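**Q** These are the residues of each chain, in order.
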Amino acid sequence: MLENIPLNDILKILLVLVLVTSSLVLWQRSLTSLFKTYALQSLLVALVAMVFFINDGHLTLLFIALLTLFGKVFLIPRILNRILLQMNIRRDLEFRFLYPVSSLIVSILLIFGVYQVFSNLMGEVMPDRLFFLGAVIGVSMALMGMMVIFSRKKMLTKIVGYLSMENGAILFGLFVAELPFILEILVLIDLVILVLLVTVLAFGIDSTIEDFHPRFTPLGEWFKKK
Amino acid sequence: MSWNLVLYGFINTALALLVSPLFISLIKKVKAYAQGRVGPPILQTYYQLYKLFKKERVYSYQTSFIIRLTPYLSLAFMMVASLSVPLVFIPAADPGLGNIILFLYLMVMSRFFMALSGLDAGSSFGGMGSSREMTLSAIIEPVIIIVFGALAYVLQTTSLFDMFGQVRENSFLSNPSLILTGISLFIILIVETSRIPVDNPETHLELTMIHEAMTLEYSGPDLALIELSHALKQTLLMGVLLNIVAPWGLASEPAAGGIAVAFLAFVIKGSLLAVGVGIFESLMAKFRLFRVPGLFMLAFFFSFITVIFKFLA
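Chains as they are written, first to last, in UniProt numbering: chain U, 1 to 226; chain V, 1 to 313.
Bound conformation, chain V alone:
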């Protein structure tokens, strides 16, 4: 393994972890402004994670090792997945890290353990959340595979490294069907991060919550790890979307100056996208559960049209 790859892994994961809470805070801030409130400070998620890490853990006496293991596993899966999505520079060689199938499976593994931990305490809330999460997963996972499949077909590669490299080298205009994939990826971002109109991350109402119901049993550092892994998942999906639709600023060499500029570019693009997500959430009302598959179908439609467009153009 070359030093280039080691350096890439270290920098990419560290930067992804560093900026993830910022994007969460930004979305909350935009939503607060939309509701006529001042909202939390931009660094509030960092303070919250710091506070949670200092607190003690509390477990129900009915839980097994699953609930203790899941926060570490969830974050570990996301950290490994972060190696698949270059945020600042694309390493020269790809030893298989950027494979989209690997990336998707790592995300699914994290979700699988989260659902297990929701069931572990035996509470009706956790079970309900896991059940809903799995129901939606059964519909969204094929759509995600189709979307990434369409992307692989258009760019003729299954490696995210090569995809980002190609989009960066060629003019965005040369592949206009990527706009459609961008819309599909945005829908996936909304669904996977449990945002309105699919789920409401800020409520603990029995009728509406999906993701939050699975995390109700967690406290202290475990909750911090879960929240961090959720934020990291959001950053990775934002990274995929941004590097496909707006790959500007991505460095080609691991030089200090280039990495600094690329990081700054990613923070700016990510912040703009976070503001966009906040505005989108503020404009939408939560869908009824049975209307949610319609949103997935829209992503499916756009990815299929991407393939047809590639045929035609």
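The following block holds chain U by itself, in its conformation from the complex:
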């Protein structure tokens, strides 16, 4: 339990808001709004880390907060917005297996399921309700991000699903076991590389066949010459 009661309450409010952003990631169709929601979610995770830093005073927590702030609130959404500018897509209207309404229903079951599992597994290990709450919300967020990945067809939305999953993992790490700082940096670098790699894939997959075909033609000609 945090010693400072107002900080304890602020953490609960932040967790509630994080859940709101997770549900909006599942529900939204506009890509611009989706990126803004992701940035807001990352800001809330950074604030959670900052609250822990204010309470504990560990510099690692401050670095995690700052890294999350610069990497996920500013850098990654900026990259995603630049990609969006170059692509002729504004909204993701295609779904597979689950539509937003059914995704929300499945999320309710997921959160309840995670709560049940954690109650049995970690009830005695984590007697503090706040940390238990953070762990449940972190894992639920990661699973909701996974749902975004398999239920959406556009690559850009899938990227946001990955990123949202990673935010869930960080939240879980903050509440259950503090991740070493070097791991945080590696995860962030992985994320940036992931965004860049998926961008390359997305350009191929999301552009039209007519645009994509000429890119392969010179390659085919080169093989013919040989």
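Just so you know, not all the hints are guaranteed correct.
When the alpha-carbon atoms are kept at most 16 Å apart in a straight line, the in silico EDC-like pairs for lysine to aspartate or glutamate are as follows [unchecked claim]:
1. U:36 <-> U:92
2. V:310 <-> U:94
3. U:153 <-> U:94
4. U:154 <-> U:92
5. V:28 <-> V:253
6. V:310 <-> U:9
The set of hints was computed from the structure by calculation and includes no laboratory data. These numbers come from a predicted model, not from an experiment.
Fit chain V to the known structure of chain U by using the hints.
**A** Structure of chain V alone, referenced to chain U:
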């Protein structure tokens, strides 16, 4: 019945009726600014109601007593419902007035008669509006019950009086899941008052209108009563939202000074919320009819999470 309760009933209903048109005007003003127009004066809804009350009634020869009775019934149901939502002070004893089930049923009764009156004239527009209203009601009513059920579970009471009292006494921070209920209540406010993205209150287009289609047959004082009851419904739902999320200023005693301050606080909070609704409407585009249940599902999701959060925290 104590004098305290009589005084409460009189003051609460009168103040709710008084401020309701103001909030409607404010929303229109904000939307006009968002569209680059000056918009109507703040008191325009009052002028409009005054003008309508002076006009004569015109009825189609095919209508029955339903269309004549509905405006009075609609306003009466809303006025009785206004007794359930304390806007300025919470009376010491609750003889069952603040029961949320009663409050919801009174609102549903008003909607039921509105739908009947839409069908009464036999016009295709009215019938279409009633049909759409009932279709959406069939989906939103269970969600509203779940939202209020979650609220009752978190605050351990079914009385709105006790709910507001508890939220006012305790720090808002002690119940952070009320933020989620607040979002659900905001969605209910948008849906129940037929606003964008569910319905557009300013259009009479065949393809889009739901609530307006049911009121097309009304004229003069009847239309004024319908509009007033609609405005009152909005104020009551705003009152529930504000007193759960921001209960500051609600008086505990029926003293003149306290009531004046509480009324002023409610007008300020309500005006800010009305501006928020106006901005929200300006930012959103109207949803296709089949996408609207998605919005309801969001309210359902948040209320369910409220219950889970209560378990966890």
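**Q** Run through the hints listed earlier and report the numbers of any the structure violates, in increasing order.
**A** Of the numbered hints given earlier, those the structure breaks are 2 and 5, listed in rising order.
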